[in-house]
Amino acid sequence: MNSIQNKTVLHLTDYGAPYAGNFIASLSALEQLLAETGTKTVYVLPARAADRSWAQEMSRTHDVRFLKKGGFFSYLHQVRRLLKETNADILHEHFIHFSEKVAAWLAIKTCGHRVKTVLHLHNHFELPHSPLLRLPHMLYFRSVSRFVCCSESVAAHIIADGVPKERVRVAENAIAFKRLDSYDSSVRTSLRLPEQAKLALMFGYNFEVKGVDLAVEAVRLLRERDGLPVTLAVALSSHLEEVRLRICAQLCLSDVPDWILLLPPREDVSSYYHMADVFLSPSRQEGFCYALVEAAYCRTPVLASAIDAQKDLALPKSAFFPPQDAQALSYALHRVLCVEHTASRALALEEAGERVRQTYALSRWAERVCAAYAEIVPPIL
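Quick note on our numbering: the sequence shown kicks off at 31 and runs consecutively.
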């Protein structure tokens with residue numbers, strides 16, 4: 031495997047989620063791999079992350095820096111100072127907005143030493159349609175040494191937008207599978223579901239993109255057309271009230287019906303996967319769907335819209351249904367929920383879980399990112 035030696039990588043992020051999740055676990059695996067050749071890792075997190083318990087704990091064992099709130103020039107000065115202090119060789123950007131990318135580019139130009147930029151695309155990047163508005167993005171792209179994409183779909187999209195394919199690499203997202211091995215088996219009981227009820231689970235913080243409306247319609251069809259007692263659980267990390275109002279508007283009701291549950295996020299997300307009879311991802315767009323892989327690992331049947339970034343996942347072909355087709359989803363749900371719990375079904379779920387465990391290992395992701403680094407900062411011979 032290609033490697034870099036005795037360098038410094040600075041991860042510039044806008045990551046302040048409630049939980050460290052797979053993103054931080056992936057970066058930690060990369061740090062461990064880089065450390066084997068003497069390369070240091072520095073994490074730069076936004077100001078809001080300073081209040082997160084995971085970030086506070088992380089800062090005790092890793093080199094973590096928190097940015098202060100401020101405008102464009104404050105951001106520029108802070109990044110430039112960090113580049114100088116750490117003598118960073120690679121600036122790896124994650125989730126930051128375009129204005130921050132420009133500020134980081136100016137910081138690199140004025141920090142006094144050479145720094146290579148790696149832009150990590152964790153989702154599809156939509157360029158403005160207007161050529162005039164598109165131009166600044168394309169000029170910024172010229173400064174990026176490597177684009178690391180979370181899926182083949184994201185890579186194809188950015189290449190179609192004009193980025194030379196020789197500067198694009200794919201490192202499919204990785205999963206911290208060990209954290210999924212512990213779960214609370216009493217969660218389903220606490221929901222007090224009707225007897226014989228089947229539970230379909232999805233994550234839906236973005237109502238439109240995640241296809242919450244499609245899941246609601248599919249479950250409604252199952253209940254009214256087939257008389258199947260199905261409950262839809264929508265776990266939400268944010269936008270709960272917006273999702274509630276949009277469901278009410280869709281169903282023309284004053285409140286969410288009792289067959290739809292809006293659930294808070296859980297750090298032990300495995301507890302949700304294990305309580306469900308099926309996990310749904312009827313998304314209209316995805317860069318990479320962590321949840322589908324996690325659910326499959328937990329031996330939960332999965333159903334997903336056949337959009338590029340999902341149908342490329344290492345999942346059974348039977349898991350997919352046509353995008354934006356609530357009726358097709360309802361038939362797929364009926365098939366999954368009415369199947370008998372046989373030994374062959376259990377074996378199929380076991381094989382699916384093992385397949386994703388091997389395909390989306392943290393070590394594999396770290397090796398691919400490290401290889402991208404080695405292409406732009408070769409080892410000193």
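Keep in mind the hints are simulated off the structure, nothing from the lab. Hints should not be assumed to be uniformly reliable.
[What the hints assert, rightly or not] Distance condition first, Cα-Cα at most 27 angstroms in a straight line; then the derived DSSO-like pairs of lysine-lysine:
(1) K139 - K98
(2) K114 - K139
(3) K208 - K139
(4) K70 - K146
(5) K341 - K146
(6) K98 - K195
(7) K131 - K98
(8) K98 - K146
(9) K146 - K99
(10) K131 - K195
(11) K131 - K208
(12) K131 - K70
(13) K146 - K208
(14) K131 - K114
[Claimed, not checked] FRET-style restraints, in silico, Cβ to Cβ:
(15) D81 - K208: 39 to 45 angstroms
(16) S374 - Q280: 49 to 55 angstroms
(17) K208 - K98: 22 to 28 angstroms
(18) S129 - P408: 19 to 25 angstroms
(19) P259 - H167: 35 to 41 angstroms
(20) P161 - E381: 47 to 53 angstroms
(21) Y361 - T389: 50 to 56 angstroms
(22) R329 - R222: 23 to 29 angstroms
(23) A227 - Q86: 25 to 31 angstroms
(24) D44 - Q357: 48 to 54 angstroms
(25) T389 - P352: 20 to 26 angstroms
(26) Y361 - E182: 27 to 33 angstroms
(27) L292 - P346: 27 to 33 angstroms
(28) D288 - I406: 28 to 34 angstroms
We treat Cβ as the ideally placed atom computed from N, Cα and C, and that holds for glycine.
Satisfaction of the hinted span 50 to 56 angstroms by the C-beta atoms belonging to Y361 and T389: Given about 28 angstroms between the Cβ atoms, the range is violated.
Measure nothing beyond the straight line between the CA atoms of K98 and K146; if it is 27 angstroms or shorter, mark the hint as holding. Since the Cα atoms of K98 and K146 sit roughly 24 angstroms apart, the hinted pair holds (cutoff 27 angstroms).
Can the suggested window of 49 to 55 angstroms be confirmed for the beta-carbon pair S374 and Q280? 38 angstroms Cβ-Cβ, so the 49 to 55 angstroms window is violated.
T389 paired with P352, Cβ distance criterion 20 to 26 angstroms: holds (24 angstroms)
Outcome for the supplied range 28 to 34 angstroms, where the beta carbon pair is D288 and I406: violated (56 angstroms)
K208 paired with K139 [C-alpha distance capped at 27 angstroms]: violated (41 angstroms)
Mind checking the hinted window 23 to 29 angstroms against the Cβ distance between R329 and R222? holds (24 angstroms)
For the range 19 to 25 angstroms, tell me whether the beta carbons of S129 and P408 fit it or not. violated (32 angstroms)
So if I understand the rule, the pair passes when the alpha-carbon distance is 27 angstroms or less; does K146 with K99 pass? holds (25 angstroms)
Quick check: does the Cβ-Cβ distance between Y361 and E182 fall within 27 to 33 angstroms? Given range 27 to 33 angstroms: holds, Cβ gap about 28 angstroms.
Need the status of pair K131, K208: alpha-carbon distance at most 27 angstroms? violated (34 angstroms)
Please work out if K131 and K114 have their alpha carbons no farther apart than 27 angstroms. Holds - the C-alpha atoms of K114 and K131 are around 17 angstroms apart, at most 27 angstroms.
Going down the numbered hints, you'll see the structure goes against 3, 5, 6, 11, 13, 15, 16, 17, 18, 19, 21, 23, 24 and 28, while the others check out.
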